[in-house]
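As a plain string of letters, each chain reads:
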Amino acid sequence: MLYFAIIMPVFLIYPYMIWMIIIVGILSQISIFMLSKWFNSMYASKGYEGFVEIFGERMVRLLAIIGIGFIFLKVIVIILGYIEVVRHFIFPSVNTNWMLLFILLICWYVASLGMAITIRFIVIAFLCTAWMLLLLLKLPFHSFASIHDLFPLIPYEWTMKSWKGVLFIWSAFSGPEYLVLLAPWFNKREKILKYMTIGNAFTIFEYLFIFIASLLFFGSHYLGENKLPVMEMIRYLQSPVFERIDMILISVYLFHFVFAISIFLLLFYGATRITLKKSKDQTTRLGFALSCAIFFICIMMSNELLWKKATNQNILLELEIWAGALTYLFVPLLLFISLKRKGRS
Amino acid sequence: MKHKHTKILFVIFVNLILLSGCSPIAEKNLIEEIAPVTFWSIQKGEDEKYRMSTLIPPLVKEHKRLLTVQVDLLKEGMKGFNLKYYRELKVGQLRMLLISEEIAKEGINPLIDTILTDPDISKRLYLAVVRGNFDEYINNQLKMQEDLDYYLYRMFKHYENQGKLTIINLHQFMKTLHSPAHSPVVPVFEASDENFQYLGTGIFSNDKLIETTNNMEEQIYQLIGNDHFLKYFAIRDLSIVLGHVKANSQLNIDKSYSELNLNVQLNGRLDEIARKHNILTSDELSRFESEIESYLEKQTTQFIKKLQENKVDPLQFRKYTLKPFSKPLDEKEWLNRWELMKLKVDYDLKIQPLTDIKN
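Top to bottom, those sequences are chains A and B. Numbered continuously in our numbering, the first sequence closes out at residue 345. Numbered continuously in our numbering, the second sequence closes out at residue 704.
The hints are simulated quantities; they were obtained by calculation from the structure and are not laboratory data. Just so you know, not all the hints are guaranteed correct.
Said to hold, decoys possible - With a cut-off of at most 25 Å between alpha-carbon atoms, the simulated SDA-like pairs for lysine to any residue come out as follows:
#	chain 1	residue 1	chain 2	residue 2
1	A	Lys227	B	Pro464
2	B	Lys520	A	Ser251
3	B	Lys520	A	Glu206
4	B	Lys520	A	Arg244
5	B	Lys352	A	Phe89
6	B	Lys435	A	Ser251
7	B	Lys668	A	Ser251
8	B	Lys435	A	Leu228
9	B	Lys468	A	Pro240
10	B	Lys520	A	Leu135
11	B	Lys349	A	Ser112
12	B	Lys520	A	Gln238
13	B	Lys468	A	Phe141
14	B	Lys591	A	Phe89
15	B	Lys468	A	Glu57
16	B	Lys352	A	Ile294
17	B	Lys664	A	Phe89
18	B	Lys668	A	Phe144
19	B	Lys677	A	Ile154
20	B	Lys677	A	Pro155
21	B	Lys352	A	Phe144
22	B	Lys468	A	Ile248
23	B	Lys468	A	Leu228
24	B	Lys468	A	Arg244
25	B	Lys672	A	Trp19
26	B	Lys373	A	Ser112
Please work from the sequences and hints to get the whole structure.
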């Protein structure tokens, strides 16, 4: 997940977490396998109707209500996390609610173009942000980085913190479960397992790369002291032409966030319609704008009341770590089991 | 068509709000009204805690002068500069932090923490400890050299990552400060009325300056600990200068952490020899080499012994005890072992054969 990639090294710290990333990544493949079974079934293409056929309408509405909660939590953490970064590095004196408003306005515009176009927006988002990883390549080869920063590679004590690290990694792998909701817009579903496996492998590689680079750059002991290690690494980069590369990179990174939040906005709108029994009616601009407004108000409120990064005990982030892990575990499992039961009866 | 118009109107509306002073951005950065500073020099104040000074203006063609404020807090100094000078000073271009030796001996953590929390200041900020009065040097030299601060920055930049001198930036300092050895190093400069010169490497224990290397120790430190290269290696006691010395050091700590084996291979040529000699024959040359070797062995052992007594580890020997699949020593245990560790230093010098001299 986007924001988690930025803060991940802080939660892992110890070099042996390298193995954990690989192990959890392989476990994540099981979830992906179960999800692909769903995509290959005939229910997936039907979208809402498919879910109704399996779970029944009441159950789907219940799930939609629960889903709204998860979506809210996820978006709040993503967007407030990003705003935190922007505020720290670019605009220290700007009221965060303004940034929130502007970002949501962009997302609203993208999302209002419709689901199909929003999904295609990922191409732009990917092309704009994927190359950033390459910039970090230079950092581990500085003279102050030595291979000894990666030692010892095996754990000699296993504390609560390590468990939390594992939970965090699992949560960071979550996200593919939301693809289930976008199934009707995919046209090649036969090869989906292959594509998702490639995606998963890329994620493992990305997390490993970020983590090892930050270990070499900071060293295991200094890493825990930083709040936004990846951003600090980017801040350390320097180009002869323009010194603050981080400003450009953070701004460009917004593409990714806009994509994710737009998708979640649309999902939120859809889920609200299902809960209100309006899923058969035509979608309206007003309804969509209204759900965006609700979104804005809710995020603003949690920004004012709950998001306190400074105390290091951010309850929303903690919740999201758990929520992400739970959805990634149970959504594929639920779909897989119900498919099997349906197949048998 | 109507839809398009609303979009355009909307964009115009947003821009109107932003441009008309309702902008949510509180800071103004008009280039004519700001002045980026390139260095801060922090010395002990008379009444207040610190005396901070900086050179302004660094960019425009205007007569340069030294600004000094007496403050208790670092950022208060930043404010003090702004009250004294008509442009607003910005720290985005801060490149060097010069800390006086007295402050460094008391601990620089409060200073460093303040700098670290400011995201405007790059982690590439160079750190240096200054012995003597830097302000007086600047005031004396300003008439001679206008762009003094810039030249100083170029010097730091030049020697970064190439050995010869120790150059440390904030990030490297923090990384070693947090590593379990807690012994960062910072270059020490000496400022007098006419001169500002590199003295040696200041060795810290936590955030306090413990001692500064002397001439010989400094050269050994460069060879073993910092990029392993010296262009001139002057050994005054033997009246010789070795040139282009490349060191290849191998370090071994035995399993019970009681003995440290240091093997250093030196390759270089003889640049200068200021005594009576007869080294064109191979016998004499090897005798000469072994004389230098034993001298260096003695000096290095002395240097490392001194470090052991001070309980510091600026050469980062501790990292050689780390192995992929063995339990690392914790900090206290390492410190105890380090103090008692036996040393075995072995130099292997290879001098390129001399040519073009008359015997």
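| task | Take a quick look at whether Lys349 of chain B and Ser112 of chain A sit within 25 Å of each other, Cα to Cα. | result | Holds: Lys349 of chain B and Ser112 of chain A sit about 14 Å apart, inside 25 Å.
| message | Just to be careful, I want the Cα atoms of Lys468 of chain B and Arg244 of chain A compared with a cutoff of 25 Å; is the pair within it? | response | holds (12 Å)
| message | Between the alpha carbons of Lys227 of chain A and Pro464 of chain B, is the straight-line distance 25 Å or under? | response | holds (12 Å)
| Is Lys468 of chain B close enough to Pro240 of chain A, meaning Cα to Cα at most 25 Å? | holds (16 Å)
| said: Next pair to validate is Lys520 of chain B with Arg244 of chain A; report whether the Cα-Cα distance is within 25 Å. | reply: holds (22 Å)
| task | Measure nothing beyond the straight line between the CA atoms of Lys677 of chain B and Ile154 of chain A; if it is 25 Å or shorter, mark the hint as holding. | result | Holds, at roughly 21 Å.
| Hey, Lys668 of chain B versus Ser251 of chain A, does the alpha-carbon distance stay inside 25 Å? | Violated. Lys668 of chain B to Ser251 of chain A sits at ~41 Å, over the 25 Å cutoff.
| message | Check the hint pairing Lys677 of chain B with Pro155 of chain A against an upper bound of 25 Å on the C-alpha distance. | response | holds (20 Å)
| Is the Cα-Cα distance between Lys668 of chain B and Phe144 of chain A 25 Å or less? | Distance ~18 Å between Lys668 of chain B and Phe144 of chain A Cα, so the pair holds.
| Quick one, are Lys468 of chain B and Leu228 of chain A close enough, alpha carbons at most 25 Å? | holds (14 Å)
| Is the straight-line distance between the alpha-carbon of Lys352 of chain B and that of Phe144 of chain A 25 Å or less? | Answer violated: Lys352 of chain B to Phe144 of chain A is near 52 Å, above 25 Å.
| said: Next pair to validate is Lys468 of chain B with Phe141 of chain A; report whether the Cα-Cα distance is within 25 Å. | reply: At roughly 17 Å apart (the allowed maximum being 25 Å), Phe141 of chain A and Lys468 of chain B satisfy the hint.
Comparing the model with each earlier hint shows violations of hints 2, 5, 7, 14, 15, 17, 21, 26; every other hint is respected.
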